[in-house]
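Each protein sequence line maps, in turn, to chains A and B.
Take the first sequence: its letter number 237 is residue 236 in numbering that gives the first Met the number 0, and every next letter is one higher.
Take the second sequence: its letter number 24 is residue 23 in numbering that gives the first Met the number 0, and every next letter is one higher.
Derived by calculation from the structure, the hints in this document are not laboratory data.
Everything numeric in this text was worked out from a predicted model, so none of it was measured.
One thing to keep in mind: the hints can contain errors.
To be verified - Computed from the model, here is a short list of chain B residues facing chain A with C-beta under 7 Å:
| no. | residue |
| --- | --- |
| 1 | P105 |
| 2 | P116 |
| 3 | I119 |
| 4 | F122 |
Even glycine gets a Cβ: it sits at the ideal position worked out from N, Cα and C.
In case you want the letters, here they are:
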Amino acid sequence: MNRSDTQFERIAYPVGFGLLVLLLWEISVRVFGISPALLPAPSAIGAAIAGSVPILWGDWVQTVIKGAMNGLWMGGIAGVALALVIDRFAFLKQGLMPVANFFAALPIVGLAPIMVMWFGFDWHSKAAVVAIMVFFPMLVNTLGGLAATDSMQRDLMRTYSAGHIATLLKLRIPAALPFVFNGLKIATSLALIGAIVAEYFGSPIRGMGFRITTEMGRLATDMVWAEIFISALTGTALYGLVALIEKRVTFWHPSQRG
Amino acid sequence: MTDLTTSEAERPAMQKPVIDVSGVDLTFQTNDGPIHALKDVNLEINKGDFVSFIGPSGCGKTTLLRCIAGLETPTGGTLTVNGLSPNEARKARSYGYVFQAAGLYPWRTIGGNVKLPLEIMGFSKEEQIRRVRKVLELVDLEGFEKKYPWQLSGGMQQRASIARALAFDADILLMDEPFGALDEIVRDHLNEQVLKLWARTEKTIAFVTHSIPEAVYLSTKIVVMSPRPGRITDIIESPLPKERPLDIRDSAEFIEIAHRVRDGLRAGHEG
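Could you put together the complete structure from these sequences and hints?
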């Protein structure tokens, strides 16, 4: 490629392809007479979205804001905090990392019912599932980031007789940020999955996961697809938001300099 | 392994060496067995000296510098800096250290990088600004304060790292092959600048290099080292004047000293 794409092309290509897929989908459903229960046409899904905005909004707030976001910040802060502690005391690494690895291997499907039992049907149990899911990638990425400085940079801090905190604040945390953002990107997608799936195992009568299971039971697949569409949109937007913040904060990193 | 230094008589009797290395040994324990990095190293560096350590890789020149900086601890002998142990001297912020790579933090501007040691050492805001301006001027980087390191050439980055080492005004400057990665022309230019800087600031400088012309051009004292085990094979007091234009490198005196350094290096290799 001998020239970089213009802003217009960067947006036009994916939007164009997306519309093409929707168009083929719509035509296929009509031409082959596919039952709406199996696969509703995009127009039907659009109508479902337009017709149930208050319900979808309520579900979105319940699942994304209350479940996913609360779990994300709790698990994220816990992961980063434990990384800082493990980093400070080397012996903890040997003791805690296997435990953390074990946590990472816990199947969310098995965990969710337990969390519902512990924290109730409302968003608290969903946030707990999300927190456990995002905890591990945040921990591992932060630890990796804290180890990312080379010996020369650490020696430089030693020549200033800088203590642990000063070295952390001035060198190791800034150097770790690109890794932390990588973890955060993984964590945001996990948070959304976790919040939705956790609702399959019991929830109040709202939430995206709740809606997907109940509408599926009624074979109202247009609503199921509407929720899927909105969760995909939300996931993309969250990822984009994190990437945007990352670009601002780690503008100095070779991958961001462009 | 004869110590050919003749400075004992010339040095004023009252003056104590700034850096005093006597009988220093350092053995690293590695998985492949012990490595004798330094063996019986004796050296005195006086105030205002410009001392170069020269030798092939593995001769312990960087290790010796790191010992002086308190970044490595000798396994034998004594080493004092300003009469203190290297560790105490480090805590007293007696020296600035310039590494092989500039090692500027990419998230900080040039000014921010120079400010780094000042922030850690708790200088006041006004003092930080004043000193940053002063040392950037000293290395000819005025006007680059707000640039980021990656926007500068390698030579400019290394100058910024020298400014950073000068910022807190330690009276000793330790430089570990600071220009090793730069091309010849930039290197010449920076050598000239370092000499000017040395004349202006009257600092004591210890400089590690593997370039004979660089060592001879810069130093008042050249320490020739050789490997396995790392040791000093010759110490040459340079008769060159303090004022040194670049073309001094064509003078007979310069060539003679360069010869002696080369002989020393060769003898070390055979021995």
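The hints, checked one at a time:
Interface restraint check: P105 of chain B against chain A, minimum CB-CB distance 4 Å, threshold 7 Å, status holds. Contact between P116 of chain B and chain A, as hinted, is supported at the beta carbon level, the nearest pair being about 5 Å apart and thus within 7 Å. For I119 of chain B, the suggested interface contact is upheld, since its CB lies about 5 Å from the closest CB of chain A, less than 7 Å. A cut of 7 Å between beta carbons decides the hint on F122 of chain B: the least distance to chain A is about 12 Å, and the hint is violated.
Hint 4 from the earlier list is the only one contradicted by this structure; the remaining hints agree with it.
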